Amino acid sequence: MTRDLVERAMHGDTEAFGTLAQARLERLVGAAGLILRDADAADDAVQDALVRAWRDLPRLRDADRFDAWLHRIVLRSCTDQLRQRARARHDDLSADLATWSDSPLEDRDELTRALASLTDEHRVVIVLHYYLGLSQPQIADALKTRVGTVKSRLSRAIQYLRAELDSSARGRPARQELS
Amino acid sequence: MNNDRDDLERRIAASLERSAPAPSGDLLDRVEATVRSTPQASGSPATMLLRFAALGGALAAVLLGAALLSGAVRPPSVGDSSREPATAVASTASPQASQIVGPSGWAAPDRYEYVVTSSCGERSFLGTYAITVERRSGVRSTARNGSIDLQGEIPSIEDLLAEAAAARESGADEVTVETDPADGHPTLIQIDYETDAIDDEACYEITEYRPLRRSSPSPTSTN
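For the protein sequence lines, the chains are A and B, in the order given. Note that our numbering has the first sequence beginning at 1, numbered continuously upward. Note that our numbering has the second sequence beginning at 180, numbered continuously upward.
The hints are simulated quantities; they were obtained by calculation from the structure and are not laboratory data. Since the model is a prediction, treat every value here as computed from it, not as a measurement. The beta-carbon is built from N, C-alpha and C at its ideal position, and this holds for glycine as well. Check before you lean on any hint, since a few could be wrong.
As the list claims (entries may be wrong) - With the Cβ distance kept under 10 Å, some of the chain B side facing chain A (calculated, not the full set):
(1) N182
(2) A192
(3) L195
(4) P200
(5) A201
(6) S203
(7) T217
(8) D289
(9) R302
(10) G350
(11) E353
(12) V356
Produce the complete structure using the sequences and hints provided.
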């Protein structure tokens, strides 16, 4: 079914593409929002990614790779936004801090706070694995990195989250470095 | 220990579910409206054929297919390296490009000439070109045989290295630069932005590279 829709979309069928987009929209925006920690930015990232996917769809080598390919495009869109933020942070630290403190996704509970304090690269693998349900090889494919790197990042992120929860339970707001 | 980890993983998944934002109500409408006004990139020859046929040009599609099979028409992604090289003279395109040092420590001399065969991908710069690069002067000529006018696209080797560096910076899936073992100048630059996509590749084979000592015009250039 998906393959048929993808092939139709590859040949210019906007309705088929709309069906594909609708079925994936919630999950993609959710993942982008968790990575970017900003719901509006997630909407923008996914919109940009879907339009780009539509434009480049005739170049997709294999219709069965549609989802993996789309994940990469969404990730790239998120990465672009994170880079822009990093530049903005460099240019204007106060503006950047204001953006983060206004984030509606933060501070709902200890674990959510700990997740939000992960570095970008560790948060990405956590979201891909535990939210989108991608396997380690699929994450490696999406990030174009080695499975060993993914395994290592996941392991370190879990260690970090556990340490954060432990220190929080002991009433100590300790923050360990995660690089 | 494993139970602890499983429990933490379940809590992580649950926390992510709770924290994930929902799409705004009109996002799908916005996407669909933009998609309707956004043309798709042209695909492979096979895809072009299918699309052409879907538009009702069945007879023309058959003719196009026959032409492709016979070699009378070449797909746009294939560079024609068999043709005699066109000749061009280039200035280095940008200050950034002129400062680029190759992966083996090669640094571009003030004047040099080389032949580049550009293939792969769907781009305007395809084919084989003899190029003379002069760091201080402007472009003095474009394609010698008149069949292809490179206009402002005449690349120096530094430009090609800059393209590879930019591709690497932007997260391209594969960027390969091969160098000459003697002096380290690049001999092959290949870029594949997305391995899942066709026609986004760029391949540059660099041959006949030769530094030039004197600033007199190359015998093959024209004004």
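Results of checking the hints against the structure:
1. N182: violated (13 Å)
2. A192: holds (5 Å)
3. L195: holds (4 Å)
4. P200: Result: holds, 4 Å to nearest chain A Cβ.
5. A201: holds (6 Å)
6. S203: holds (5 Å)
7. T217: holds (6 Å)
8. D289: violated (34 Å)
9. R302: violated (13 Å)
10. G350: holds (6 Å)
11. E353: holds (9 Å)
12. V356: violated (18 Å)
Going down the numbered hints, you'll see the structure goes against 1, 8, 9, 12, while the others check out.
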